[in-house]
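Please take these sequences and the hints and turn them into a complete structure.
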Amino acid sequence: MKIGNVDVKVSIVAIAVFVVFTILLIVASVYSPEVRSQLIWLIPALFMLLVIPMALNYMSRSQYAEIEPIYEAQAKTVRVKMINENMIGKIVRIEGVVERVYFQFLNRPQYLVADRSGEISVKMFTSTDEDVKVNDVVEVLGQVIRRYFVTGDPVINCVSIRKIKKA
Amino acid sequence: MPEENPDRNSHRLMEIGVPLLSFGGASLAVIFWITGATIDFRLSILGCVLGSWLLAYLAWIQPKKDIVALTTPIYSFIFLAVPTDNFSAVILELLYAGSLTILLVRLKYRFSKPGTAAHDAKELAEPLRTYIEQTRDIWSGTSPEAAHHATVAFVRFAEGEFGETARRSGTAAGQPEDAGNAPCLTRAFMIVSEHATLLDQSLPRPATYRTFLPEDSGMLAKPLPPAQDDDAGFYTTLDNALLLLFSAAWSASEADRPHLLACQAFAQRLLSS
Chain A
1 MKIGNVDVKV SIVAIAVFVV FTILLIVASV YSPEVRSQLI WLIPALFMLL VIPMALNYMS
61 RSQYAEIEPI YEAQAKTVRV KMINENMIGK IVRIEGVVER VYFQFLNRPQ YLVADRSGEI
121 SVKMFTSTDE DVKVNDVVEV LGQVIRRYFV TGDPVINCVS IRKIKKA
Chain B
168 MPEENPDRNS HRLMEIGVPL LSFGGASLAV IFWITGATID FRLSILGCVL GSWLLAYLAW
228 IQPKKDIVAL TTPIYSFIFL AVPTDNFSAV ILELLYAGSL TILLVRLKYR FSKPGTAAHD
288 AKELAEPLRT YIEQTRDIWS GTSPEAAHHA TVAFVRFAEG EFGETARRSG TAAGQPEDAG
348 NAPCLTRAFM IVSEHATLLD QSLPRPATYR TFLPEDSGML AKPLPPAQDD DAGFYTTLDN
408 ALLLLFSAAW SASEADRPHL LACQAFAQRL LSS
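If you're matching them up, the sequences are chains A and B in order. Mapping of the first sequence onto this note's numbering: position 61 corresponds to residue 61, and the numbering continues sequentially without gaps. Here this note's numbering runs 167 ahead of the position in the second sequence, where the first position is 1.
One or more of the hints may lead you astray.
[Claimed, not checked] Chain A regions said to be covered by chain B (calculated; three or more residues, Cβ under 8 Å):
hint	region
1	116 to 122
2	146 to 153
[What the hints assert, rightly or not] Calculated pairs, EDC-like style, for lysine to aspartate or glutamate (alpha carbon to alpha carbon, straight line, at most 20 Å):
hint	chain 1	residue 1	chain 2	residue 2
3	A	Lys133	A	Glu85
4	A	Lys76	B	Glu421
5	B	Lys231	A	Asp153
6	A	Lys90	B	Asp398
7	B	Lys231	A	Glu85
8	A	Lys76	B	Asp398
9	A	Lys90	B	Asp304
10	A	Lys81	B	Asp406
11	A	Lys81	B	Asp398
12	A	Lys81	B	Glu361
Rather than coming from a laboratory, the hints here were simulated on the basis of the structure. In this text, a Cβ means the ideal position worked out from N, Cα and C, and glycines have one as well.
Dropping the structure here:
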């Protein structure tokens, strides 16, 4: 769903939660008159299960869209091997092949991107513009952070991931 | 004979301690259960709690953190706090001790790859140490100023400050030849300066680029790939130049060693990839 320039995506988990609670509410309201009398606030509450994740996705994606040009201007193109813990906080651009994709269903995708020099985890805290799959050749723009923010190996906090050619 | 590292010995003891404590506690629980002792069963659970803390500590000191091993003390406390009957406690403790042992094996083989623990080391680790020792003699005439330039260039490169690296390396490469510096060090500065400039401006690999001379090959850490693989040759030349700077800085500027140790993981990565 498009709001302004932002393509809002709701995760499959949020949809599943909405569907489960809708079924529960329908069943409960059929069998319980007490539940039926509360439908006036239960139905809006049910829709909030969809509206809140959509609003959060809209906010994060619009913020990412705002900072992308800033990152684009500041980023240095590096090979994966060069990214090390002394580069924490640096804005980088890498090109590589997607070897693995995790947590896409949560709208918090994580990729393992490799070039000829090595591989690195690329974390994204919102959904992507494009549907990135294994074996896609991508350009990643982001900031080097530690895996668990204060500790762990360097990973990329991704602001944008774009397919640059079909594998 | 190589010296035994005391840290490594204590880590090995701690690694043995994890199954020893957890299975020790579980064995106590079995004894209590068989003999029908009226002692509080939670005493035996302490073995699993201590084993968890030891495992979490071992996970904490690895540069690549294992979140599962790190959180085991939380589970052990839940385990300790929830009252269970004696038979369930025995089964739970045995399963928990087994799980801790599996996590320890996982930690050892997946999260403690050689060379990755270099960032907080107080000395050079292998294979970097061997390379530095092999090239030590070349730097006997190197001026402290050139060695310091080498440190700054290497550290700034590791930090991704490519503009600063290019400036420093350019300055160092322009020093007069009678300063006593090895000619291969000047070439290394020139190569690093060229690469850093390209990186700073996000430019692609040029068709022609600076390389070492054939007589430098004995000092280079990595052999050059076949001539037809231009990309690999270009990047291997950079790795060799950076490692030469590291070696010169380490050997000729003792005061800079703490800065170099902070970037040791990067140097190890250059050498081993």
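Here is what the structure says about each hint:
Beta-carbon proximity to chain B at under 8 Å applies to 3 residues in the region 116 to 122 of chain A; the threshold of 3 is reached and the given coverage holds. Proximity of the region 146 to 153 of chain A to chain B, defined as three or more residues with a beta carbon under 8 Å from a beta carbon of that chain, is established by the 5 residues found. Only pairs whose Cα atoms come within 20 Å are accepted, and Lys133 of chain A paired with Glu85 of chain A is rejected, the gap being roughly 28 Å. With a C-alpha separation of about 32 Å, the suggested pairing of Lys76 of chain A with Glu421 of chain B is violated against the 20 Å cut-off.
Under the criterion of a C-alpha separation no larger than 20 Å, the hint pairing Lys231 of chain B with Asp153 of chain A is consistent with the structure, at around 5 Å. Only pairs whose Cα atoms come within 20 Å are accepted, and Lys90 of chain A paired with Asp398 of chain B is rejected, the gap being roughly 25 Å. Between Lys231 of chain B and Glu85 of chain A, the direct Cα distance comes to roughly 11 Å. Compliance with the 20 Å bound is thereby established for this hinted pair. Restraint check: the Cα-Cα separation between Lys76 of chain A and Asp398 of chain B comes to about 18 Å, which is no more than 20 Å; the hinted pair holds.
Proposed proximity of Lys90 of chain A and Asp304 of chain B is contradicted: the alpha carbons are some 36 Å apart, above 20 Å. Restraint check for Lys81 of chain A and Asp406 of chain B: satisfied, since their Cα atoms lie roughly 10 Å apart, inside the 20 Å limit. For the hint pairing Lys81 of chain A with Asp398 of chain B, the CA-to-CA distance comes to about 14 Å; that is within 20 Å, so the pair holds. Note on Lys81 of chain A and Glu361 of chain B: the hinted pairing holds, with a Cα-Cα distance of about 18 Å set against a maximum of 20 Å.
Hints 3, 4, 6 and 9, counting from the list given before, are not met by this structure.
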